[in-house]
Structure formats: structure tokens, C-alpha cells
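Residues per chain, in single letters:
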Amino acid sequence: AQSVAQPEDQVNVAEGNPLTVKCTYSVSGNPYLFWYVQYPNRGLQFLLKYITGDNLVKGSYGFEAEFNKSQTSFHLKKPSALVSDSALYFCAVRDYPNTGNQFYFGTGTSLTVIP
Amino acid sequence: NAGVTQTPKFRILKIGQSMTLQCTQDMNHNYMYWYRQDPGMGLKLIYYSVGAGITDKGEVPNGYNVSRSTTEDFPLRLELAAPSQTSVYFCASSYSSAGGPVEQFFGPGTRLTVL
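Quick mapping for you: the protein sequence lines, in order, are chains P and X.
Using the working numbering, the first residue of the first sequence is number 2, and each one after it goes up by one.
Using the working numbering, the first residue of the second sequence is number 227, and each one after it goes up by one.
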């Protein structure tokens, strides 16, 4: 079965410090991996994706993520956190080709950047 | 481009009433999705469509119906509303890659309360 785990419901980090939001996945085929951000009362916004190629993926707003096949992880990172990064972050996976056109989302991690 | 639009933004229903949540995208995307978001539960897929005239069930389809008569529109119908359908509903669309759908573009959501 396909699944995504975000082991931390809440992450707090001081402004200017590096941040990491964790994601692990379970698929039987090839993982298509995504990170999205959600601000209060808004829809999800796409940040970055891994489909194939370089394991280090760069995305919007200075975020990056590293695909680690052996650890089945796709952690989101940023070298220096901003207060405006405070939001809810979701990891998602599509199990290609096994689950057709469906995506599976984690339960989300609430990031708070403390001034 | 307006992207993905949803109406209404808010709605309160009485138990047993019916309603249709509207979703329109102007990006000519083949894939469209309906999710519900409940606190601490992430996003759960209700229905999806791979093109006009083609729809399929997701994880939690009971109590809902969809249709896709055009590329642009993907309405979600709630019949006989129940308190368990109180949630925030998001519509999303995705373009095609060689391996099928990739990142999704989300609407702003509809907050539905069933009393």
C-alpha cells in the first residue's frame, strides 16, 4: 500500500536558523514526490517535486528537498528560515505506475518560525 | 489565468439537504481532483477525472457524486448531507507529463458545515 508519513505535527525554529520538515514514504513502484505549503484559509501551493534525476531538488522561496531512496525519505529544507515561512506543509506521493493517477498526502507539519 | 476557482467559499447545510460545489480551471489540464481536508488528517481523495467524460472514485467517495462534461468544469455533488461531511473541500488540477499527472494546482477551497 502507498503511504506518506510526516512524523512531526509541529516544528518550531528560530528565524535565521536552518529548518527541516521530515517526510518518509512507502510505495511499490517509482515515487513521484511533492511538497506543498498551505497558508491559513488558503489552498495548497506547490513548492517542489522529485520525479527523476538529481536527488537534490530546488524549489520556490529558497526551499529544497533531498530524495533518499535507501531511507525512503524526502525531507524539506531551507538554509535560513523566515517568519513568513510559518505555514502548514504537506508531503505527497504518487506511486508510478501502480496507483494510476492518484496522489497520497501526509497529515501535514505545522511550521512556526520564531522571530 | 485565474487558475482553479471554486464556489461557494462557505456554505451551511441542514442534514438531508443537497448541494453542488463548483470547480473550474482555465489551464486546459486533463486531470482534476476533489479532496476533503479534516483537521490532523491531511487530504483525502474523493473523486478524480482524467478527462472529459471519465471519472473514478478515490479513497472516500461515499455520499458524493461527480461529473465531467467539459475539460474546464468538475462539479462535486453532495446528496443527503450528513454531519460527517463537514469539512473543507479542495479542487485541484494537473497537467500531463510522459508519466501522467504531476504537480497539482489547488483552488481556494469551500468550507462546508452540515448541521
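Be a bit skeptical, because a hint or two may be false.
[Stated by the list, open to error] Examples of chain P residues lying across from chain X (beta carbon under 8 Å, computed):
#1 R43
#2 G44
#3 L45
#4 Y51
#5 I52
#6 N56
#7 F91
#8 Q103
#9 F104
#10 F106
#11 T108
Simulated from the structure, these hints should not be mistaken for lab results.
Here a beta-carbon is modelled for each residue, glycine too, at the ideal position from N, C-alpha and C.
| request: Quick one: which hint numbers does this structure break? Sort them smallest to largest. | output: 4 and 6
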